[in-house]
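Enquirer: Here are the chains, one letter per residue:
2 protein chains.
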Amino acid sequence: MSNEKQFVTEITPQGEDFSRWYIDVIKKADLMDYSPVRGCIVFRPDGFEIWEHIQSAMDARFKETGHRNAYFPMFIPESFFQKEKEHVEGFNPELPWVTEAGGEKLEERLAVRPTSETIFGHMYSKWIQSYRDLPVLINQWANVVRWEKRTLPFLRTSEFLWQEGHTAHENETEAREETMKMLQVYREVVEGVLAIPVITGQKTPSEKFAGAVDTFSIEAMMKDGRAVQAGTSHYMGTNFAVAFDIKYLNRDNVQEYVHTTSWGTSTRLIGAMIMVHGDDRGLALPPKVAPTQVIMIPIGPPKTRDAVVGRTDELYAELKKAGIRVKVDDRADVRPGWKFNEYEMRGVPVRLEIGPRDMENGVCVLVSRITGEKKVVQQDNLVEEVQQMLDQVHNEMFSRAQQFMEDHFYDVDTLDEMKTLMDQKRGFTLAGWCGSNECEDKVKEVTGATSRNIPFKPEVEKKTCLCCGQEAKHTVVFARAY
Amino acid sequence: MSNEKQFVTEITPQGEDFSRWYIDVIKKADLMDYSPVRGCIVFRPDGFEIWEHIQSAMDARFKETGHRNAYFPMFIPESFFQKEKEHVEGFNPELPWVTEAGGEKLEERLAVRPTSETIFGHMYSKWIQSYRDLPVLINQWANVVRWEKRTLPFLRTSEFLWQEGHTAHENETEAREETMKMLQVYREVVEGVLAIPVITGQKTPSEKFAGAVDTFSIEAMMKDGRAVQAGTSHYMGTNFAVAFDIKYLNRDNVQEYVHTTSWGTSTRLIGAMIMVHGDDRGLALPPKVAPTQVIMIPIGPPKTRDAVVGRTDELYAELKKAGIRVKVDDRADVRPGWKFNEYEMRGVPVRLEIGPRDMENGVCVLVSRITGEKKVVQQDNLVEEVQQMLDQVHNEMFSRAQQFMEDHFYDVDTLDEMKTLMDQKRGFTLAGWCGSNECEDKVKEVTGATSRNIPFKPEVEKKTCLCCGQEAKHTVVFARAY
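Residue numbers (this note's numbering), protein chains in the order written: chain S, 597 to 1078; chain Z, 597 to 1078.
If you're looking for bench data, these hints aren't it; they were derived computationally from the structure.
Be aware that a few hints might be false.
Copies of the same chain are indistinguishable here, so a pair counts whether it falls within one copy or spans any two.
[Unchecked claim] Straight-line Cα separation of at most 25 Å, BS3-like style, residue types lysine-lysine; simulated pairs: (1) Lys624 to Lys935; (2) Lys624 to Lys777; (3) Lys624 to Lys843; (4) Lys804 to Lys1059; (5) Lys722 to Lys624.
Input sequences plus hints: build the corresponding full structure.
Expert: Shown next, in the form of structure tokens:
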């Protein structure tokens, strides 16, 4: 049974060491590999295909909401970064610089983009002349680089893949509507496709995007209680318009600055998805992004093997025709039980078993990765049954993750209380905050938690700042974060 | 009629200055803009959407032929390039180098990838152990950079977008089959989707990919008679396997090197498509990649306007529902005739006109961008009629391009003959070649033409070398090229 050998390594249990569990799982399931370039990973086909499904779900919604894709150069002249003061301060420490090209030293260094506000700004100033040219609604799918000191596959890598929307509008009202609309699109995709419940809210000033007026985010809770910022949407005001001179003639024939937004999600969603749904058996992939949604495993003794495999192939063709991503594992030299474990580890949402007796009865067995529920279904009705179970798996994943988040959401009044919680339990805390940087910094210093966002709909409104005891301006979600 | 103003600039006729015609058209049709980074362009939404349609056509065929996508880092350590001698010599002069990152000078310089054989090779050596792991069939969609001295939008830019397939096989036979299969896929997409006829053949040794054993290409003829290499597929032998130590245990339990291939197409296809199909009125876009396939223009006097626009919107909804990419231009302050010119310039394959008398008769008029043919069609049957005309436009574009290529294909016996042709006519020449670098170099020096490929099916077999007069080893297509 030589094919079974390579899978002998065990997965570290989540309770023992969550970080090791994560690395074990993503390596073992062939989602990624480390690359020879510091902090950069290789997205292997199963990892990349998850991204392809996220991309197509996002892209469809961007297009429905009137956006179009474009592509801008990845090199950004150094002088561009100097034009927006906060922006340069925020990104400068993380930039890689191209200093030589084509055998010559460059006159001006080129940064490899960490984000593209500056180069979009430069072009928008050429393209936008009149209110008739507005709004400009462009999205870009691209690779970006932020030279990180500490990296973690998918969640924080030096080079990563993302989308960045950059829009320009006549006024603040429209730009703010856009900012909120795209935050809502993110929420719909992350909840509806990745089955990850999120908390929507506004970032505190210290956590906002470098150059933004306001930043909004969706935050997700991992199974170790830490937060992942799963998407951000920024209202830039006229900051970049002033820096890049993006003016237009308004309806009253007066020159005005445009108001801009930007919004982004990245391959870190893959990491979040793994940490929200995975368990000690391995990955658990939401059906809408799983590269393989159904794994078919014919079982039974050698004498009935050919017949069972033949029937399996027929059913495979039916499922495939219906657009279901399905595979058959009919290897004879690997035991079914071993296969069951393997595909559970790989997170395949639904397993289909079929044996000689099932053949006689015109049935087969569907098994849910998430609940382990076994359901005997009629072969005649297979496509519908499979689609139903895929929906069930998605819903079950979402409600389990939501339950987990509710169970690990604590409302605290003092810094001590928060420290105790952070040290002894996993989860998010909700606390009052006076609005001062000092108190926010102190929370981080004492508890290791950072402000995630000021939720639009907090469960309770806190009256006093957990740190200084003064009147609370905001009720804030604090958590340790990736 | 202020909306009409910005379009007053004329397009330079092709016969007057083909290069200026090209730049006029791509700027005026908003396909691209120059960027502040030398040799890099911005792909504006209409230009990028053409690439999205090319991508999805290619990607579907890659997946049908068993390939999967992955993503590898764009930075490649300098030492990797040293491992394959020809490869480093071929690409070194064009590399941009990252020498600083995160505020520090790097110990080893990182090249921004010009192509990814080396980093794929490095990873494949880790992933491939046994014949059971083969073949490995991976494709990557990515940006790459080659620091070019002379650039031309889409056709030759410093940064461009492409796909690169990298595969590993047990033996030469399978690797060569793959090389040919992907060349065939390219041909199908370029002919079947972009309506560009191509000549398939093998590159001469001096024109092959740096590090390949054999390179094959598809070559297209532009309207100025120049060639564009529209796609290449390489058999690498064991060159990269030896350089990166990609070995596997074969079926006889013996360590062997894999045989690899790579194949690529890029955004230069957009440039080729424009130069093959465009005319003095502007762009002519093949329907399968046109961002707008049908432009609907309601016409007639103000008193019937509302009714006509209303009916137009209903028909619009029908076409859209059928998956046709359709737009309505119902601006009241722009004359229909001006709109006709505008959308012809933008290359929209089919125009739909509808006026008050058409309303009464339940008809509308379809106009082909390519032939100018007008067809009165029943509104009841509109979807089918539109689909039919889109197909017609595609077929007409392909056969016109094919006719053009046949009309500009000359078979020559001597260098003088070729020189005269190259100086006085536009087109490709077919000539015998002895196989020596000297003769190939001399052809280039004297005529400006380079060997494009040794076609698989030459129209005639030439007996003597056009240069030295000795026996011809090959019959070769020579042309000036982009």
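Enquirer: Among all the numbered hints in the text so far, which are the ones the structure does not match?
Expert: Hint 2 alone not satisfied by this model.
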